[in-house]
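2 protein chains.
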Amino acid sequence: MDEHISPVALEKAYRLLNHGPTVLVSAEHDGVDNVMAAAWACALDFAPPKITVVLDKQTKTRELVEKSQRFVIQIPNAAQLELTQAVGSASLSDDPDKLAKSGAELFRIDGHKMSFVAGCSAWLACKLIAEPHNQNTYDLFIGEVIDAWADDRVFQNGHWNFENADPKWRSLHYIAGGHYYAIGDALTAAGSTED
Amino acid sequence: MDEHISPVALEKAYRLLNHGPTVLVSAEHDGVDNVMAAAWACALDFAPPKITVVLDKQTKTRELVEKSQRFVIQIPNAAQLELTQAVGSASLSDDPDKLAKSGAELFRIDGHKMSFVAGCSAWLACKLIAEPHNQNTYDLFIGEVIDAWADDRVFQNGHWNFENADPKWRSLHYIAGGHYYAIGDALTAAGSTED
Numbered sequence: 002m003d004e005h006i007s008p009v010a011l012e013k014a015y016r017l018l019n020h021g022p023t024v025l026v027s028a029e030h031d032g033v034d035n036v037m038a039a040a041w042a043c044a045l046d047f048a049p050p051k052i053t054v055v056l057d058k059q060t061k062t063r064e065l066v067e068k069s070q071r072f073v074i075q076i077p078n079a080a081q082l083e084l085t086q087a088v089g090s091a092s093l094s095d096d097p098d099k100l101a102k103s104g105a106e107l108f109r110i111d112g113h114k115m116s117f118v119a120g121c122s123a124w125l126a127c128k129l130i131a132e133p134h135n136q137n138t139y140d141l142f143i144g145e146v147i148d149a150w151a152d153d154r155v156f157q158n159g160h161w162n163f164e165n166a167d168p169k170w171r172s173l174h175y176i177a178g179g180h181y182y183a184i185g186d187a188l189t190a191a192g193s194t195e196d
Numbered sequence: 002m003d004e005h006i007s008p009v010a011l012e013k014a015y016r017l018l019n020h021g022p023t024v025l026v027s028a029e030h031d032g033v034d035n036v037m038a039a040a041w042a043c044a045l046d047f048a049p050p051k052i053t054v055v056l057d058k059q060t061k062t063r064e065l066v067e068k069s070q071r072f073v074i075q076i077p078n079a080a081q082l083e084l085t086q087a088v089g090s091a092s093l094s095d096d097p098d099k100l101a102k103s104g105a106e107l108f109r110i111d112g113h114k115m116s117f118v119a120g121c122s123a124w125l126a127c128k129l130i131a132e133p134h135n136q137n138t139y140d141l142f143i144g145e146v147i148d149a150w151a152d153d154r155v156f157q158n159g160h161w162n163f164e165n166a167d168p169k170w171r172s173l174h175y176i177a178g179g180h181y182y183a184i185g186d187a188l189t190a191a192g193s194t195e196d
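As you go down the protein sequences, you meet chains A and B in turn.
Counting from 2, one number per residue, gives the positions in the first sequence under the working numbering.
Counting from 2, one number per residue, gives the positions in the second sequence under the working numbering.
Chain A on its own, in the form it takes in the complex:
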């Protein structure tokens, strides 16, 4: 595992998603790996941390999540713009070489039977909280975050540090048609606290 990948305390894991980045969802079942992009992922609770993510019925990743009951939400960055677009456009069902073509490189973390995408800014290992009505009616999946990590070049001591990191670490915020925004300048409200 890359020396820069550092554990994030579970009570601060929500901060990895709080600013609304587009994410990569990875899942593995029975030796089949897949990765997709999702703009519709969101924090749901602080402790234990939970998240929501929308997984369309057409996606292979959804099938792997349903079978394995596990998935990883990872936060890609500006250096991964083309990778993010590629895994968000192609489907493993149509193209068995999807992952190789996208440039997505997977790695394992000890103790977790999941596949993680290398080069991201942060990773949230999740177990599915089965909610069949939400899944069937809204394509809405709920996960409990059971472990989290971030690259210490962009997230340190429980805080994103986009303002001081290389711009290649900026999170991606998808709109439509291949158009994204990177996260921008830090803004601090009066009476802010450090924690």
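Hints were generated in silico from the structure; no laboratory data involved.
Possibly wrong hints are sitting among the right ones.
Claimed, not checked - A short list of chain B residues far from chain A (calculated; beta carbon distances all over 12 Å):
no., residue
1, Met2
2, Gly32
3, Glu64
4, Gln70
5, Asp95
6, Pro97
7, Asp98
8, Ile110
9, Asp111
10, Leu129
11, Asp152
What the hints assert, rightly or not - Pair ranges (Cβ atoms, derived):
no., chain 1, residue 1, chain 2, residue 2, range
12, A, Ala10, B, Lys114, 41 to 51 Å
13, B, Ala119, A, Met2, 47 to 57 Å
14, A, Glu106, B, Ala101, 51 to 61 Å
15, A, Ile110, B, Lys58, 27 to 37 Å
16, B, Asn158, A, Ala187, 23 to 33 Å
17, A, Asp95, B, Glu4, 42 to 52 Å
The C-beta atom is built at its ideal place from N, Cα and C for all residues, glycine as well.
On the provided structure of chain A, position chain B as indicated by the hints.
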């Protein structure tokens, strides 16, 4: 209504939320208005457009949403940093003057029995899709977007135009403790499409 507030086609309403901004949630019931900030709001579907938003049981806004079955999700901007922080910190239950102190100015739009916050970049009028299990278990509320508008100085022809608008129009992306990021630079993947 301000001359710059322009309708957004419902099939493009998801784009207002797609990049994960922190939002303001407003609701009105029986003459009582409230506004809160929410970082945990997310698109859920394209057509009809649906959204999710997490409303804690402690919030007065949640009570108004449950009673009226309606709410507005609006996208605040950098010029509203202090307003956003203020409505996200104080509770109407503790301080009846919350709205006046925050500087939030409300307005009406013909045909909608809802209160809208002036000066925002976009507004999504929602009707609650009642899902008691989600609401009680996860504080998770689902809304169908029944109408949408944006300020034409920052959103035009179905597209955000942060890159050419005054920086005061940049959306806010909350982390914690009064710390936000503004949305940043536009990034376009190879093979992007215009639509």
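Against the structure, the hints come out as follows:
Annotated as non-interface, methionine 2 (chain B) keeps its C-beta farther than 12 Å from every C-beta of chain A; the closest such distance is 26 Å. Taking the minimum C-beta to C-beta distance to chain A, about 30 Å, the non-interface status of glycine 32 (chain B) holds against the 12 Å cut. In this structure glutamate 64 (chain B) is separated from chain A by more than 12 Å, as the shortest Cβ-Cβ distance comes to about 20 Å. Against chain A, the non-interface label of glutamine 70 (chain B) holds: every CB pair exceeds 12 Å, the least being about 18 Å.
The non-interface label for aspartate 95 (chain B) is consistent with chain A: the shortest C-beta to C-beta separation is roughly 16 Å, beyond 12 Å. Here proline 97 (chain B) stays apart from chain A, with its beta-carbon at least about 21 Å from theirs, past the 12 Å limit. The Cβ of aspartate 98 (chain B) lies farther than 12 Å from every Cβ of chain A, with a closest approach of about 17 Å, so its non-interface assignment holds. Residue placement check: isoleucine 110 (chain B) keeps its beta carbon more than 12 Å from all beta carbons of chain A (closest about 25 Å).
At roughly 29 Å, the least C-beta separation between aspartate 111 (chain B) and chain A is larger than 12 Å, which holds for a residue marked as non-interface. For leucine 129 (chain B), the requirement that its beta carbon stay farther than 12 Å from each beta carbon of chain A is met, with the minimum near 14 Å. Look at aspartate 152 (chain B): its CB is around 17 Å from the nearest CB on chain A, clear of 12 Å, so calling it non-interface holds up. The hint said 41 to 51 Å for the Cβ distance between alanine 10 (chain A) and lysine 114 (chain B), and at roughly 44 Å that hint holds.
Take alanine 119 (chain B) and methionine 2 (chain A): their Cβ atoms lie about 50 Å apart, and the range 47 to 57 Å holds. Restraint check, glutamate 106 (chain A) to alanine 101 (chain B): a C-beta distance of roughly 54 Å satisfies the suggested window 51 to 61 Å. Checked against the hint of 27 to 37 Å, the C-beta distance between isoleucine 110 (chain A) and lysine 58 (chain B) comes to roughly 35 Å, which is consistent with it. Roughly 30 Å separates the CB atoms of asparagine 158 (chain B) and alanine 187 (chain A), a value that falls within the hinted 23 to 33 Å.
Checked against the hint of 42 to 52 Å, the pair aspartate 95 (chain A) and glutamate 4 (chain B) passes, with Cβ atoms roughly 47 Å apart.
Consistency with the previously given hints is maintained throughout, with no hint failing.
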